[in-house]
Amino acid sequence: MRTELVSEAGDPARPNEDFASVTLPASGQGGSLVVLDGVTPPKDGTGCLHSVPWFTARLGGALTELTVSRPDVPPTEALSRAIARTAAAHADTCDLSHPRTPQATVVVARWSAETVEYLVLSDSALLVESPTGSVVPLLDDRIARLPRSALATDALVDSAVRNKEGGFFTAAADPSVAGRAVTGTLPRTEVRTLVALTDGATRWVEKFHEGDWEDCFRFVRKEGAAALVARVRALEVADTERVFLRRSKTHDDATVVFAEV
91 MRTELVSEAG DPARPNEDFA SVTLPASGQG GSLVVLDGVT PPKDGTGCLH SVPWFTARLG
151 GALTELTVSR PDVPPTEALS RAIARTAAAH ADTCDLSHPR TPQATVVVAR WSAETVEYLV
211 LSDSALLVES PTGSVVPLLD DRIARLPRSA LATDALVDSA VRNKEGGFFT AAADPSVAGR
271 AVTGTLPRTE VRTLVALTDG ATRWVEKFHE GDWEDCFRFV RKEGAAALVA RVRALEVADT
331 ERVFLRRSKT HDDATVVFAE V
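Using the working numbering, count along the sequence shown one by one with no gaps and you end on 351.
List time: in silico PhoX-like cross-link candidates among lysine-lysine, alpha-carbon distance up to 25 Å:
| # | residue 1 | residue 2 |
| --- | --- | --- |
| 1 | 254 | 133 |
| 2 | 133 | 339 |
| 3 | 312 | 297 |
| 4 | 339 | 297 |
FYI, nobody ran anything at the bench for these hints, they're computed from the structure.
Given only the sequences and the hints, what does the whole structure look like? Please build it.
Below is the structure:
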């Protein structure tokens with residue numbers, strides 16, 4: 091298994107809120123990857139004493155452990171258990187019902203000699219390359235399908251579409267949200283390489299339109315994960331008129347995981 095992992099904070103003065111892991115079970119058979127993108131909290135608080143990096147480290151660590159140690163547990167159940175475990179760690183001190191309680195997007199992939207299981211929740215992405223070289227994006231596109239008016243302000247998002255039917259879902263404190271994820275299983279023979287990206291890296295496709303998902307995959311394979319993040323940073327700096335970024339923050343945490351399985 092050959093892997094490459096790059097994660098860069100959007101602002102050097104702030105902690106990186108992303109989480110990424112790639113693991114190989116002790117048996118040497120198969121592996122797994124976990125990528126989380128922590129949701130940046132609003133200025134008026136989250137009802138929680140803990141930071142988003144605290145949350146993503148707890149959730150990501152639990153999810154990594156479960157995907158490796160319990161191959162009999164499907165990714166959906168592993169995410170549900172990881173959310174419950176993380177919620178229990180701060181339920182006594184924090185208001186977990188707050189709409190902005192620490193939360194994250196999720197990508198999970200786990201492979202064995204026979205299958206590749208995947209899970210995608212919210213707007214991070216998983217790209218799958220077949221042995222023939224074709225590339226398929228596995229996405230949870232619910233945010234992209236919402237009208238722009240539904241995302242006009244943080245208050246509107248929190249009251250109307252965040253973790254609500256007809257809106258979009260993230261991993262926060264409710265274990266049942268795992269059932270909302272995009273999931274599936276592929277034959278192992280149909281998968282050669284996986285690339286997972288948080289939305290700070292998917293900007294290359296989704297905001298700056300440098301190419302499609304297959305072009306993005308080819309860029310990472312040829313130039314490397316760090317080169318993709320560097321190119322996004324250059325595009326962000328060049329967008330002085332906010333033609334592409336519009337209301338988005340100039341720089342976002344960006345994580346790329348490349349794994350030949």
